[in-house]
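Student: Count the sequence shown with the working numbering and you get residues 12 to 232, in order.
Bear in mind the hints are in silico, worked out from the structure with no lab data behind them. Here a beta-carbon is modelled for each residue, glycine too, at the ideal position from N, C-alpha and C. Only true hints are included.
Here are the computed distance ranges between Cβ atoms for each label pair:
| hint | residue 1 | residue 2 | range |
| --- | --- | --- | --- |
| 1 | 42 | 197 | 41 to 47 Å |
| 2 | 130 | 214 | 31 to 37 Å |
| 3 | 176 | 149 | 38 to 44 Å |
| 4 | 143 | 178 | 41 to 47 Å |
| 5 | 178 | 149 | 40 to 46 Å |
| 6 | 231 | 66 | 54 to 60 Å |
| 7 | 231 | 153 | 17 to 23 Å |
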Amino acid sequence: MPRQTDRPGKVGRPPRLSREAIVAAADQVLRTDGADSLSMRRLAKELDSTPMALYHHVRDKDELLLLLLESHAQQIPRWEFSDDPRERLLEAAFALYEGLAERPWIIEVLTSDPLIVPSAMGIVETLVAAAVTYGCSTEEAVDLYRTIWYYIMGDLIIRVNRDRRRARLEASSSAEAGVDQLDPADLPTLAAIGDQWGGLTSRDIHRKGLEAIVNGLLPQR
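Produce the entire structure from the sequences given, and follow the hints as far as they go.
Tutor: This is how it looks when you write it as structure tokens:
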């Protein structure tokens with residue numbers, strides 16, 4: 012893996028650290044190995060430095076994660092949503108899901124440490140404001156946002172862990188019991204569709220799920 016430094020120094024000279032170089036190295040670790048692999052010690056190794064040297068630029072791991080999330084949030088393009096509040100809710104929910112799906116490490120970070128990232132709060136403003144415009148109370152609007160958020164995070168966590176498990180099984184040539192091996196005497200419905208189970212449960216239905224949530228929680232006009 013190429014070393015991330017911000018100067019072309021002489022051979023053997025320790026690399027000059029900067030906050031930007033540290034953030035870039037952390038981003039690379041998260042993309043390749045996931046949130047559990049990120050530590051100041053790991054970053055120091057990636058940068059041919061020491062953990063103590065990193066602390067001169069970044070206070071701790073929490074500040075580093077905030078810097079990373081802010082960096083990614085600032086790269087998100089401005090969305091233009093429908094004027095209709097219900098459609099705006101759906102479009103914002105789809106955009107949130109699909110943006111997070113492209114960055115699985117962000118999901119892991121946010122579920123373990125719910126950090127507030129100011130640059131990323133625009134989408135939350137859109138969701139809550141659209142619900143209020145539609146006719147929700149402030150409490151109902153926040154509840155709707157939270158339900159959308161929990162659905163998105165839960166769906167993506169399952170997807171990420173499922174993909175990792177499949178990759179591990181393929182790498183080890185291991186096999187696991189499937190629904191097609193269930194006893195039809197005990198579980199007749201599941202046993203009957205056992206050979207279809209993998210395809211049925213791997214379909215991407217997040218838009219259908221989000222639409223059902225929005226339709227179910229918006230007040231009747």
